[in-house]
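For the protein sequence lines, the chains are Z, X and V, in the order given. If you read the first sequence in our numbering, its first letter stands for residue 2, the second for the next number, and so on. If you read the second sequence in our numbering, its first letter stands for residue 99, the second for the next number, and so on. If you read the third sequence in our numbering, its first letter stands for residue -14, the second for the next number, and so on.
Rather than coming from a laboratory, the hints here were simulated on the basis of the structure. Hints may contain errors.
Cross-link-like lysine-lysine pairs, in silico, DSS-like; alpha carbons within 25 Å at most [what the hints assert, rightly or not]:
#1 LYS1(V) to LYS364(X)
#2 LYS1(V) to LYS142(Z)
#3 LYS20(Z) to LYS7(Z)
#4 LYS4(V) to LYS142(Z)
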Amino acid sequence: MLKLDKLVKTYNTGDQALKSVELEIPQGQVLALIGPSGAGKSTLIRCINRLVEPTSGKVYLDGIELTTLGSGALRRERRRMGMIFQEYALVERLTVMENVLSGRLGYVGFWRSFLRRFPQSDVDNAYRLLDRVGLVHMADKRADELSGGQRQRVGICRALIQDPALLLVDEPTASLDPKTSRQIMRLIVELCSERGLAAIINIHDVALAKMFVQRIVGLESGAIVFDGVPDDLTPDMLTHIYGEEDWEATIEKVEDEEQEAAQ
Amino acid sequence: MVTHTQPDGSLKWTRRTTGERMVRWFGWLVGVAVFVYAWNTISQATTWFFVWDAPRIAGDIFGRATPPRWSYIDKLWGPIWDTLNIATLGTIISLFLAVPVAFLAARNTTPSKMFIRPIALLIIVSTRSINSLIWALLLIAIIGPGVFAGIVAIAIRSIGFCAKLLYEAIEEINETQVEAITATGGSRWQVMVYGIVPQILPAFAGIAVFRWDINIRESTVLGLVGAGGIGLQLSASLNVLAWPQVTLILLVILVAVVIGEWVSAKVRGAII
Amino acid sequence: MTGPTVSELDVLIGNKWKKPSLIKSDWLRWGLTLGALIYLVLAINSVEVSWSRVYEGLDRGAKFVKAFLNPDFTTRATDIREGMIESIIMTIAASVVGIAISIPIGLGAARNIAPLPVYLVCRSIIAVSRALQEIIVAILLVAIFGFGPLAGFLTLSFATIGFLSKLLAEEIESMDKVQAEAVKATGSRWSQWINYGVQPQVIPRLIGLSIYRVDINFRESAILGLVGAGGIGATLNTAFDRYEYDTAAAILLIIIVIVMVLEYLSGVIRARVQ
């Protein structure tokens, strides 16, 4: 459903963030994008919904080419791509409900959104989603009163209320503690399978990625160097992506923790 | 900082190199010379006889100015009301004008950095650099004396101040929050209302109250040039050397300023 | 995850959602709104605008705009030059003296380094200076010292003290205690403590504020002439009185340019000291 064709991004400074990336994601597949910081993960997903304009190459979403769309058409396509951010990116001075409803902005007119008169179905939907992530009692709290994990849940609701076909997830756990990180990852993966959504999850934590997804793509200096199932991600491969490090230790430790958690 | 090797071989630490020290000394020298010249010029333009006589004159004025003529307060209620209106209405009008200017001047929201931003900055600097008394003079020449000229003068003068602080606040907003709203497919104006406005609203409220406080002060003296408010009474009393009235008016202004500052501090405390 | 009971969600579904108001109590909110509206109506009604006069004025307004596009620097060149030089001289002298006096007063007005009696005296000086408008101070000083730049110089110095001492005191009060204490712990005297513990922390800000005050002093010096306290204001006032808009425009343009230069310089200097 999503296809990237020779996607290139060169910044004005001359830094080549993406070097001809080719990637195809079928309907409903959750994919983890791993790589060291600066590998171009963030740029890659931002090129898909054009928060960053790609320099060249094509992006197809269900056959529609995104890179040449005008601003109106682009906004219509953006509605189908929910985005979840590293620092949650909630508008902190708005309430939880307003933050969730802001996911519907692409569907309602300016004055309706300005006066906060969203259609009843949107409001009901927002309540259902907040209930699903366990925050319905927080609906009228201001976003900056929430903890990190709670904020990220609101961020997930905002992305899902768009009724997207694809989720673009940018380091969802980077600002969270290990336990909350796992809860959030689990929640994202569960919601994707419930709704049959495809997702690209940028994540630097390899252990976490291996725990939750079926396909992993490794990005290094703007080029894809690995694409396969978690089991193929050998220490050698990781060294290739991240550089020298004692990978066995990390992986074993995580497996131990998993077993503990399972007991 | 540098270290020198002294003749006996030990190292001597000084904060700056010799060249730097020379430049600094020269700078100080020039500064002192400029100040001495400035002082000389002022001194030449001064009739020192009056200055030596000043303590006596000050005592004389003080004697005549006390006690204040309390009964005159009856004539001041109208001007006080006018002064309050000049400050408040002037502030409201200026905020309406300052908001679009600020959005045009902020780097992250301006439609064009090459053309529109410099114009917005020019509006900001020119309205800011000219005192409200001068704006009042100008407006009185154009639309005649009165409260209205005062309101417009305060409004124009405040545009630059408010727009400058506001555009700095806009430039400091968290861009990822804006990005998040953009990513939902919101239009330009929706991004403004959901992504930018909530972030700058506290700053905006703070600026509004802060400027209102300043405008209360400024509107008390606009009457000196004929733009309405309590300054008119001050000017009239000064012209006839009615010092007891002057004292009362100054006391009223003082009270107004203190109340204005108190209100603005309270409101700002409540917002932040 | 402790979700609410299903019934809690059921209650919410189908209900209208309204953004919670900033002011919780309905009564207070409507009261404030109504009060504000009544004030606005009364205030606007009490402003007498003679629209015919405004309409006549449009013509003069247009003339002024035209004068701005075509300012006359030459006809009154001598007056302008002398007025400007006087303004600048007043600004420089008043800034130097004002800043020099503000430093001890600012130190005295900082509760964390000054004893209580000194604190109270310094704070009252600041309060008086801030409460009195420059122009009012100028009127009084002109009455006492006679016409001329001396009154203007004293006015600006006095205003500088109120402005700078207050901000300096606040800066000192909010400085990093640990750094200052570290210096105190070395057994230094009070003066050394100020010099090593306090000064380095507040100097960059002091320089920034001082330059900002120079800017304000220049702008204020332009109006002091209106009441006879020297500077360009007198020339400007005369130009308005004689309806010589092109000369007035020239003066205003010079003021704007000088303020712009000062602002630019202050940006450069602040960037360098920080």
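Against the structure, the hints come out as follows:
1. LYS1(V) to LYS364(X): violated (35 Å)
2. LYS1(V) to LYS142(Z): OK: LYS1(V) and LYS142(Z) at ~17 Å, within 25 Å.
3. LYS20(Z) to LYS7(Z): Holds, at about 8 Å.
4. LYS4(V) to LYS142(Z): Between LYS4(V) and LYS142(Z) the Cα gap is close to 10 Å, so the pair holds against 25 Å.
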